[in-house]
Every structure is written in structure tokens, then in C-alpha cells.
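Letter by letter, the chains look like this.
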Amino acid sequence: MNSLLKAKVDPRDVAEILAAIGIVLWRIVTSPEHAVWRDWISLLAVYWIVAVVLKEKRALIPVTAVFGAALMGLYLCGHYPHAVEFLRTVR
Amino acid sequence: MILGLFWMIVAQASVFLASHVLWRKVRCGEPVLDVVQFLLIRLLLISALVVAAGVTGFLAPLPLGLLGAAGLAVMLATGQHLHVQRAPWPPIGRATLALLILLGVRLLLQVWFYAPFVGDVHAYHLPKVAEWVRAGGFTREMGLDPCVTFPSGFELVETWWVVFLHHDVLIEMAGVEFAVLAFAAVAALARRVGLSPAAAALSGGLYLLTPLFAMQATGCLNDAPAAAVVLSLFALAFARVHPVALLLPLALGTGIKGTVIYALPGIALVAWLQRKEAPLRPSSVRWAFSLAVLAAAIGGYWYFRNWLWFGNPTHPMTKDGFDLGGVHVQAGIQWSSLSRNLLELLGDRIYDHHSSYQADCYREAGWGLVVFSVGMLGLILGAREDRGLRVLGGAFALSLISVFTLVSFDGWYGRFVLFFPAVACIAAARLGERSRPIAALVAAGAVLQFGATLVAADTTGPRMMALMSQPWRQRSAEPWLVKDALPPSEPVAVYSTMRSVSYMYYRADFSRNVVYLRVRNAAEMKEEMARRGVRYVYIDVSSPHRKADVQAMVDAGRLRLLTGQLYRLE
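In order, the protein sequence lines correspond to chains A and B.
In terms of the working numbering, the first sequence has 3 at position 3, counting the first letter as 1, and numbering is strictly consecutive.
With positions in the second sequence counted from 1, the corresponding number in the working numbering is that position plus 91.
A hint or two may mislead.
Some residues of chain A that are not near chain B, with every Cβ distance over 10 Å (derived) [unchecked claim]:
1) I21
2) V29
3) K57
Footprint (simulated), chain A over chain B, 3 or more residues, beta carbon under 8 Å [unchecked claim]:
4) 440 to 452
5) 548 to 554
FYI, nobody ran anything at the bench for these hints, they're computed from the structure.
Backbone N, C-alpha and C define an ideal beta-carbon position, used for all residues, glycine too.
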């Protein structure tokens with residue numbers, strides 16, 4: 001705790017986190033029909049916060065892979081029914 | 092056909108060697124960037140030859156072939172070929188090499204098995220090419236569509252690939268030329284931000300797999316070529332080449348599509364942010380300037396022609412834009428367009444969840460799975476960690492904003508920012524280079540995109556299969572519309588008021604005469620057809636009055652509906 005308090009906070013990091021939180025809040029207010037967990041812009045903003053918090057830490061890359069897989073899943077849910085349906089007709 | 096093929100090979104060899112001669116005079120000395128410059132010079136020479144032949148009425152295999160043979164003889168006699176050396180193959184790794192080979196083979200198969208299939212292409216991009224090839228030169232007649240007078244720089248390269256064979260079986264090669272340019276430009280950008288040769292090649296490969304680019308590359312639309320030129324400009328500006336070297340792609344791009352100009356603010360930003368980097372000078376600034384002047388003449392040709400014909404260089408665009416059957420094409424800045432375009436793209440179209448991938452990207456972004464996921468995450472991370480990616484990300488974003496401020500909100504605006512996914516592809520390759528799990532995700536995404544972009548969904552699957560299964564000599568979209576109702580040797584008239592989807596009537600070998608009718612009603616149509624000896628007519632009129640007019644003629648037994656919109660005078 002003591003070390004955390006003593007750690008120097010980079011104002012640029014704070015600005016980035018505030019900007020990312022602002023984006024998430026903006027999406028919640030302006031697009032309530034999109035839940036944060038399936039809203040691409042919000043997910044990228046959340047990842048931005050994670051990238052700032054975990055900068056220079058080894059966990060960042062595995063977390064990035066998890067986010068990447070989740071975004072792929074989100075995309076596939078929307079697009080691939082159409083692609084599969086179309087390709088099925090191509091015979 | 093065999094003689095045409097011979098002249099085509101001679102002309103291609105001549106253009107290749109001439110491009111090499113000029114390239115040696117203007118190259119900047121950075122390997123991947125040199126490839127970009129070579130490809131741009133090649134496209135410039137092709138365009139210049141077609142414009143010169145079109146204006147003088149020598150747009151035919153023999154004159155072009157003889158000119159090519161003469162040029163080739165001079166260059167061989169002066170030993171220019173001795174300077175052509177095999178470039179060392181960069182170490183790009185087996186997996187990336189396999190991806191690139193697969194992509195190359197697929198592109199060539201699509202060139203062979205596709206025939207033009209997109210509505211816009213049949214309406215206004217290609218009827219002019221057909222008229223030029225049939226007439227052996229540029230013609231005033233280019234079809235009835237209001238968009239036929241748009242800049243036609245891409246159509247020049249398409250003409251190059253059809254004029255020798257008098258057949259459009261290789262017309263998609265024009266798109267492949269620009270796909271290679273886009274690949275080289277993306278790889279050059281990736282190398283500049285510090286990626287390895289393998290990751291740079293992967294960046295280019297991923298960009299070619301971007302669904303909208305993949306669909307357009309062999310779809311005969313000019314948005315992918317415009318994006319390729321924008322990426323070339325980014326690559327040259329980012330490497331801080333001499334400003335005169337930027338003029339060639341800028342002028343060439345302006346002649347392809349006006350939206351290239353809309354993306355300039357981002358390119359200017361890159362040039363400014365890179366001003367402290369070591370500059371790259373062309374071997375000869377004077378030669379680079381000469382090529383820029385030639386490019387300006389070729390790119391500006393369409394605007395000059397429109398000014399001569401209509402008194403307006405951007406005809407049919409005016410300061411108020413122009414309307415096209417319910418779609419308004421915007422002129423000038425509109426901030427409301429920016430917010431609507433941006434929010435719709437990032438909030439909805441980016442998911443590509445309305446349909447399968449199409450070349451005209453109706454209500455979709457077409458950026459694909461890799462850009463949507465690892466690409467954008469990589470861009471966020473890369474922008475935080477690396478100045479180069481930060482500069483590129485900011486500049487690409489500025490160009491996107493600039494384009495969105497200048498284009499209307501409609502179903503198709505996404506294709507005007509087709510350059511943007513490139514920076515996310517670079518970021519994805521960069522991440523993949525750092526982590527095996529992420530590399531596996533990128534690979535999985537690439538495989539899925541490869542599968543999903545095998546066939547364009549602009550029309551139905553059975554129609555595409557019917558198109559591809561035709562013998563190559565006859566392969567065309569004509570049977571979709573007319574089935575067997577139109578005898579091959581019969582000319583056909585076109586009577587339409589807005590869109591006239593007419594290219595397929597020319598047939599793959601441009602053997603049919605298509606007569607465009609500028610008439611006010613069905614009676615005038617009949618009179619004009621009789622005067623010009625045409626019995627068959629394709630009718631696509633929009634006003635109820637004109638439709639009723641046509642129906643009255645059908646009811647009276649003077650006109651017979653054969654199929655779809657094809658009629659025969661009785």
C-alpha cells in the first residue's frame with residue numbers, strides 16, 4: 001500500500017484512463033440498447049484502460065489475447081451466420 | 092485471339108522494361124518503397140499509353156503492339172535489359188509465404204472464373220470501356236448512366252487488359268495490379284515502423300484479406316485501387332521522400348477517384364510529423380518531376396475533358412452535389428455527415444452483421460474479423476508503445492475523418508475509407524510477432540477470412556456459380572438478365588432514365604452493338620429503333636408516365652416483353 005502511494009502516477013496515463021471511461025459512459029448513455037459487453041467501442045475502451053494499467057507488465061499480452069478472442073467471438077456471432085448461409089448456396 | 096495475346100505479351104514486356112528504366116532514375120533506394128515506386132510508374136505508363144491511343148484512335152492490338160515492339164527493340168539494343176536484376180528474396184517465413192502463394196493463386200483463379208458482376212460496374216464503369224474497345228478510341232458515347240463521366244483512371248488499366256484480346260476474360264487483372272501495389276505499400280509502412288520482413292509481408296497479406304478489399308480487387312470497382320494509391324501516398328510520405336515523388340501517386344489517384352483527394356489531410360499530417368526524419372531523395376528530382384507532370388496530365392485528363400464537354404470539370408457534380416435516384420452525392424464539407432458516418436460505421440457496420448461480404452459493401456464496413464479484433468487492440472497498444480504507429484494511427488484517423496466529412500451518409504460510404512484497415516493489419520502483425528497465442532488468433536482470423544471471401548455475395552450463390560461455370564469465351568452476366576431471349580448477333584437498344592445496367596449486353600468479346608436511346612417516350616423509342624435497325628430493347632424507366640407509355644405499347648401488341656426488362660419490337 002505504501003509503495004503504491006509512493007509510486008509516481010503518470011498524468012498521461014490518468015488522462016488516457018479518464019478518456020476511456022468517458023467513452024464507455026458515452027456509449028452507455030447514447031446507446032443503451034448495446035450492453036457494454038457486446039459493444040465494440042466500449043470493449044475497446046475497456047481494453048484501453050487495461051493496457052494503461054498493465055503497461056510493461058507480463059500479463060498484458062495474455063490479457064490482450066483474451067480480449068482478442070472475445071472480440072472474435074462477438075464478430076463471428078454477428079457475421080458468420082450470413083457467410084455460412086451464403087456459402088451453402090454456392091454449389 | 093492468339094495474335095492479340097502475342098501483342099499483349101510484347102506490350103507488357105515493353106512497359107515492364109520502360110518502367111524499369113524510369114524507375115532507376117527516380118528510385119529512393121529503400122527496398123520495399125522501391126517496389127511501390129516501380130508499380131506506380133508501371134501503372135502510369137499503362138495509363139498514358141491508353142490515353143494516348145484512345146485520343147488518337149489507335150486503341151487496338153496492332154498499333155499498341157507495334158509501339159511496344161519498337162520500344163522494346165530500342166531498349167534491348169541499348170542494353171537496358173542488362174540492368175534488370177533479380178531482387179534478393181526477403182526472409183518472410185514459410186507460413187507467410189504459404190499465405191501469399193494461396194492469395195496469389197486465388198486472385199488468378201478469380202480473374203479467370205469471374206466476369207463483372209456488380210451493378211455499378213455494369214451501369215457506368217465498364218460500358219465506356221466496351222465502347223472504347225469497339226471503336227478503337229475514346230468515344231463521346233459512354234452509356235446513359237449519370238455517372239459515366241466520373242474520372243476513369245482505373246478503367247484505363249482495365250482497358251489495357253482487354254484491348255489486345257478484344258475480350259474481357261482478364262479484365263480483373265487491373266484490380267490485381269492495384270492489389271499488388273496495396274500489398275507493397277502496406278509492407279513498406281510496416282517495415283518503417285520496425286516490423287521484421289515476415290511481419291511486414293503478413294501485414295500486406297492481411298490487408299489483401301480484408302473482406303472489402305478482397306471483394307473489390309476482382310470486382311472491377313475503383314475503391315480498392317483508390318485505397319491502394321492512398322496507401323502508396325502514406326508509405327512515401329511516412330518514409331519522408333522528396334515531395335516531388337508524392338505528386339505521381341497523387342495525380343494518378345485523382346484520376347481514379349476524387350475521394351483520394353479527400354484523404355489528403357492525413358497524408359499531410361504524416362509528412363509534417365516525419366519532417367525531422369532523414370529525407371529520401373529520388374535519384375533524379377528532374378526525372379521525378381517529369382513523371383509527376385505526365386501523371387498530372389493523365390489524372391487531369393478527365394477533368395479537362397469534362398470542362399470541355401460540359402463546362403464543369405467535375406460534371407455531373409456541382410457545388411450542390413448531385414442526386415442519383417434517391418441517393419444524394421455531397422459536395423463540400425458537412426459536419427453532420429461526419430458524425431452520422433462515423434457513428435454508423437463504428438457502432439453498427441463494423442460488425443458486418445447484415446449480410447455476407449459484398450464488393451459494394453452495402454451497409455457493412457467490410458473490415459473483417461482480424462481488424463475488428465486483434466487489429467484494433469494492436470493499434471491501441473501500438474499507439475501507446477511506438478511513435479511510428481502513433482503517427483500512422485493518428486494520420487489514418489484524420490484521413491478517415493476528412494473523408495467522412497466530405498461524403499454523404501448512405502448505404503455504401505464505407506468503401507471510401509478502405510485504406511484505413513491497413514494500419515490495423517500492421518498492428519495485428521506486430522502483435523502476432525510478439526506472442527504465439529495472438530499469432531494463432533491472427534492465423535485463425537486469416538483462415539476464416541480467406542474462406543469467407545472466396546465468392547462475393549453481391550448476387551445470389553447460384554447466380555455466381557452459374558457465372559463461373561460458363562465457358563470462358565462466353566462468360567458474362569448476360570444470362571442473368573436475358574437468358575436465351577436475345578440472339579447473339581442482334582444489336583440491342585437501351586432506353587432508361589436513371590441506371591442502365593448495360594455492360595453485359597456487349598458480351599464478353601464486345602461483339603454486340605449496344606445503342607443508347609436519348610428519347611422522351613415510347614413512341615420516340617420505337618421511331619429511333621426503327622431508324623437504327625434495332626429490334627430488341629432493354630427498358631428501365633423510372634417515371635410512372637414513361638412506364639405507362641411502354642405498357643400501352645405492349646398492350647397494343649407493338650412491343651413484346653421477353654424476359655425481365657428485355658423487349659422486342661413486333
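Consistency of the hints with the structure:
Against chain B, the non-interface label of I21(A) holds: every CB pair exceeds 10 Å, the least being about 15 Å. No beta-carbon of chain B is positioned within 10 Å of the beta-carbon of V29(A); the least distance is around 13 Å. With a closest Cβ-Cβ approach of about 13 Å to chain B, K57(A) is found to remain outside the 10 Å limit, as its non-interface label requires. Restraint check on the stretch 440 to 452 of chain B versus chain A: 8 residues with Cβ-Cβ distances below 8 Å, three needed, restraint holds.
Taking a C-beta to C-beta cut-off of 8 Å, the stretch 548 to 554 of chain B contributes 4 residues in contact with chain A, enough for the three needed, and the coverage statement holds.
In terms of the numbered hints stated before, the structure departs from none.
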